[in-house]
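Student: Okay, here's what each chain looks like letter by letter:
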Amino acid sequence: MGVAPGLLDEAFLRKLDRLSLITRRARAGLMKGDRRSTKRGSSVEFADYRNYAVGDDPRQIDWNIYARLDRLFVKLFEEEEEASFHILVDASKSMDWGRPNKFLYARRVAAALGYIALSGLDRLAAAALRGGDVEPFPLTRGRSQALRYLGFLSAAAPGGVTNLDEALTAYARRSRHAGTLVLISDLLAPAGFFDGLRNLQSRGYEISVVHVLAPDEEEPELAGDLQLIDVETGEAFDVSVDANALSVYRQRLQAWKSEIRAFCHGLGIGYVPVNTGLPFEELILHRLRQRKLVK
Amino acid sequence: MGLFVPLALGFSALALPIILFYVLKLRRQETPVSSTLLWAQALRDMQANAPWQRLRRNLLLFLQLLILTVLVLAAARPFFAGPASVRGNVIVLLDGSASMQATDVKPSRFEAAKTVVSRLVDDLGSEDQITIVLVSGQAEVAVSSSREKSIIKSALAGLRAKNGSANYADALALAIASAARVPNSTIVVVGDGGIGNVPADRIPVPLRFIPVGTSGNNAAISSIALRDGPTGVGLFLGLTNYGEAAQTGRAGVYVDGQVFAVRDVELAPDAESGFAWTDLPADAELVQARLEASDDLSADNTAWALRRSSGKIATLLVSKGNLFLERALNLLPGVELSKLAADTATIPDGFDLYVLDGVIPEALPRGSVLLVGPPQSNVFFDVRETVENLSVTKLQSDDPLLRNVDAGDLRVARASRVAPPAWAKTLLQSGDVPLLLAGEREGRRMAILPFDLHASNLPLLVAFPILTSNLVGWLGPTGGPGFPPDVKPGDPVTLGADPRVREIEIRRPDGSRWKAAPVHGGLTYAETDWPGVYEVVQRLDGGGESLARFVVNLADPQESDTTPAKTIPLRGEDSATAGSDLTAKRELWQALIVMALGILMLEWWVDRRRQMRRRTAA
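Residue numbers (this note's numbering), protein chains in the order written: chain A, 1 to 295; chain B, 1 to 618.
Bound-form chain A, shown alone (with noise of 0.2 Å):
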């Protein structure tokens, strides 16, 4: 894979192509059964072999390739309803934060998922949410896109203030083809997020919801008297911050987080707490796989 012009640098590329083929290996066990229960007969159009596994359909089996390799093969069809993959990325101000980047993260995070998707053959489409707008990508299929793809997130610049609601609601009105959504955001939005999620999945998204927050925002090193300026609105606050303040602070967060957990957990949608901290490596091919967001 080349080099993305611009942001995502090598050495993440060269994790990312690495990821890929952990991915596709994991996910060829496990998508297989998933797949052919929805579409069985449906397709007609064919897309590529597979070497045959025990449990497999033998009326898939490709008996000319078996007469001539004397293998087992199983043909694959492409489904008619593709299955589509959307990535909604936070791009507010506040996200362009922290010690890992949130937005840094939350877009490697995006470029790993849409990688993944896109080789694994599903349709992705992706968008950026900054303010109330929505900049999308629109959507494509196969690898071949990668790398486009991968320049639309270099490409994505953080600015304004979010107003996830609108955002999402614009999302979910001018969308299509509704599938599984994963939304990349710190949540840090004074308008607040909720309407929006519901908006989606009544538009039939299966969403799941990555919260990515910096270690400095779960942990905050401040100390003394300070006025806090907020960097998406400008707003100040004045604090004087001490052990006491902290863990009120602390409190704050956790109970915060509960909020949206007890939210998504009603609505069904997943809930994926991250800290930038965590090397995304680990999120991508343990954490999301618990959370049964990469299968």
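Hints are computed from structural coordinates only; laboratory data are not their basis.
This one's a predicted model, so the numbers in the text were calculated from it and none came from an experiment.
Just so you know, not all the hints are guaranteed correct.
[To be verified] One side only, chain B facing chain A, incomplete, derived with CB under 10 Å: (1) T36; (2) W39; (3) A40; (4) A42; (5) L43; (6) R44; (7) M46; (8) Q247; (9) T248; (10) R250; (11) V379; (12) S512; (13) R513; (14) K515; (15) Q611; (16) R613.
[Unchecked claim] A short list of chain B residues far from chain A (calculated; beta carbon distances all over 10 Å): (17) F4; (18) F11; (19) S35; (20) Q41; (21) P492; (22) A517; (23) R609.
All C-beta atoms in this analysis are idealised placements derived from N, C-alpha and C, irrespective of residue type, glycine included.
Using the hints, position chain B against chain A.
Tutor: Chain B only, in chain A's frame:
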């Protein structure tokens, strides 16, 4: 606990500018964060416990105020009092003089001093030792270099204050000698002063003083005297108020046990007031005066005076005829004079005093002898050549026999040179020729005037009757006019010059008795500590006894003035530093300064930590 400079507490006002600066200083540092969403919520939660929050937030202010408090305290120089411990070889000079009976400290100064010493003993380590010297008329070693605390304590508990005046000269000499033997010695004086001027260079070890006593409220009978006057017996009483406030009291006079007069007295502070009674009964013998006043020391509120009317001195004048002598002797009130011609072969026994004028028998009679112009040598002395034209070149003016005698004008035309015998002292002399000798020999008092009175101007001098009176007083028997009129507590009394006395019994004021046989007719009695009347019974060889009395009066300005000393004046050194060292006003400012420095470092650390956090946060 106290403050040397309470005014320094005014510096606390500096807290105001500190708080003001703090309020002004509180410019918040601008810190960008990704979102204030959560902080805004957290801030709402924190408002609930805001006051406590504010306090904790102002830790730096609190620390700065603490530093200020500690520094202000240090500037006020706080101290706490308490006895400091002494180590090594401790020599305690415990004042046991009369003034230590004062009750300005309850139950008495002496008991308080014992408590102080007891604490010193408690503080001793196992290697330390203590010597306790009780200082009164004499210096008594109560405990000698002991380490056994129980023994020391019991010895200490047995000590009582006496009535004498503190003899620090002896006590210090003893202490210095003792301190010189053992290294690491300390002399600790516990008392109310009266140590006098101590030469610092003579004391080779640290000298410390623990003052006892708080106030000097005392009135005393400072003098008492009986005189025969023209209208009767007169009593003079000197009352001194040593305190700083005027005193009213009541002076009572008791004659031979009966109340004679009671008078209200008003005593000006720090002054002596004189009171006189002139009409005491003619036969008054023992007069007691009592001062009833509310003061701290009662031992000096009673005094006694004796009138020597009892017993005449049977005196025999053996002379070729000496009008001067005869008249002088006849004028003396206590003398019953008999005369004998000089050429009498034998001199009869039975007289108290023999005045031998120009004669000397083979054997001197038993009794005191006054020899005037002895013509020849005797077993007691040698008479040598005659010398002429003599005048007094040297006289022992401090001897009681020459009291009030102005002998400077004495001129003697002819005198016999008497070799001064070892037993006699020379009171008057001209060059190397003695003109008056006196002494005791074989229980007999003897005085020698080695010249004929007619060959001198002595009879014409004012000094003559006085000298005669002094001589008769001294030569006369115990209980006569020569008996010590007034004894200070603790002073030894020499009794008895009469060789016939077989036994002497002394009845003390507390009723106890003391008996002894005289040695060479004389006896020294030293247990005169308690003020009061002492009766001396002298039992004679052939039966019969004589009764004499003497009185012991405290009347000692040094002891009656109970104003406690706070320091010991050390000659050649700063007395203040040498004095109150052990009264242990221990100052705390050093510790406070160290504490302030500690808090300052803590404050710096807290501040630095905050800055570090801000930096990492930024």
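Student: Determine for every hint whether it applies to the structure shown.
Tutor: Hint by hint, here is what the structure shows:
1. Evaluation of the T36 (chain B) hint against chain A yields a held restraint, the C-beta minimum of about 4 Å falling below 10 Å.
2. The beta carbon of W39 (chain B) comes within 5 Å of a beta carbon in chain A, closer than 10 Å, and the hint placing it at the interface holds.
3. Interface restraint check for A40 (chain B): the shortest CB-CB distance to chain A comes to about 6 Å, inside 10 Å, so the restraint holds.
4. Because the closest C-beta pair between A42 (chain B) and chain A is about 4 Å apart, less than 10 Å, the hint holds.
5. For L43 (chain B), the interface hint holds, since its Cβ comes within 10 Å of a Cβ in chain A; the closest pair sits about 6 Å apart.
6. Taking 10 Å as the C-beta contact cut-off toward chain A, the hint placing R44 (chain B) at the interface holds, the least distance being around 9 Å.
7. Checking M46 (chain B) against chain A by beta carbon gives a least distance of about 5 Å; that is within 10 Å, so the hint holds.
8. A hinted interface residue such as Q247 (chain B) counts as satisfied when its beta carbon comes closer than 10 Å to some beta carbon of chain A; here the least separation is about 69 Å, so the hint is violated.
9. Violation of the interface hint for T248 (chain B) is found here, the shortest Cβ-Cβ separation to chain A being roughly 72 Å, above the 10 Å cut-off.
10. Given hint, R250 (chain B) at the interface with chain A, is violated; its Cβ is 77 Å from that chain's nearest Cβ, farther than 10 Å.
11. A least Cβ separation of about 112 Å between V379 (chain B) and chain A goes past the 10 Å threshold, and the interface hint is therefore violated.
12. Against a cut-off of 10 Å between C-beta atoms, the interface hint on S512 (chain B) is violated, since the closest Cβ of chain A lies about 83 Å away.
13. Among the interface hints, the one on R513 (chain B) is violated; its C-beta lies about 88 Å from the nearest C-beta in chain A, farther than the 10 Å criterion.
14. With its C-beta approaching chain A no nearer than about 92 Å, K515 (chain B) sits outside the 10 Å limit, and its interface hint is violated.
15. For Q611 (chain B), the interface hint holds, since its Cβ comes within 10 Å of a Cβ in chain A; the closest pair sits about 8 Å apart.
16. The beta carbon of R613 (chain B) is positioned within 10 Å of a beta carbon in chain A (closest approach about 3 Å), and the interface hint is therefore held.
17. No beta-carbon of chain A comes within 10 Å of the beta-carbon of F4 (chain B); the shortest separation is about 40 Å.
18. In this structure F11 (chain B) is separated from chain A by more than 10 Å, as the shortest Cβ-Cβ distance comes to about 28 Å.
19. For S35 (chain B), the condition that its CB be more than 10 Å from all CB atoms of chain A is violated, with the nearest at approximately 4 Å.
20. Separation of Q41 (chain B) from chain A is inadequate, the least Cβ-Cβ distance of about 5 Å not exceeding the 10 Å criterion.
21. Even its closest Cβ contact with chain A, about 84 Å, leaves P492 (chain B) beyond 10 Å, as expected for a residue assigned away from the interface.
22. For A517 (chain B), the shortest C-beta to C-beta distance to chain A comes to about 96 Å, beyond the 10 Å cut-off, and the non-interface label holds.
23. The claim that R609 (chain B) lies off the interface is violated: its Cβ sits roughly 8 Å from the closest Cβ of chain A, which falls inside the 10 Å cut-off.
When each numbered hint is compared with the structure, violations occur for hints 8, 9, 10, 11, 12, 13, 14, 19, 20 and 23.
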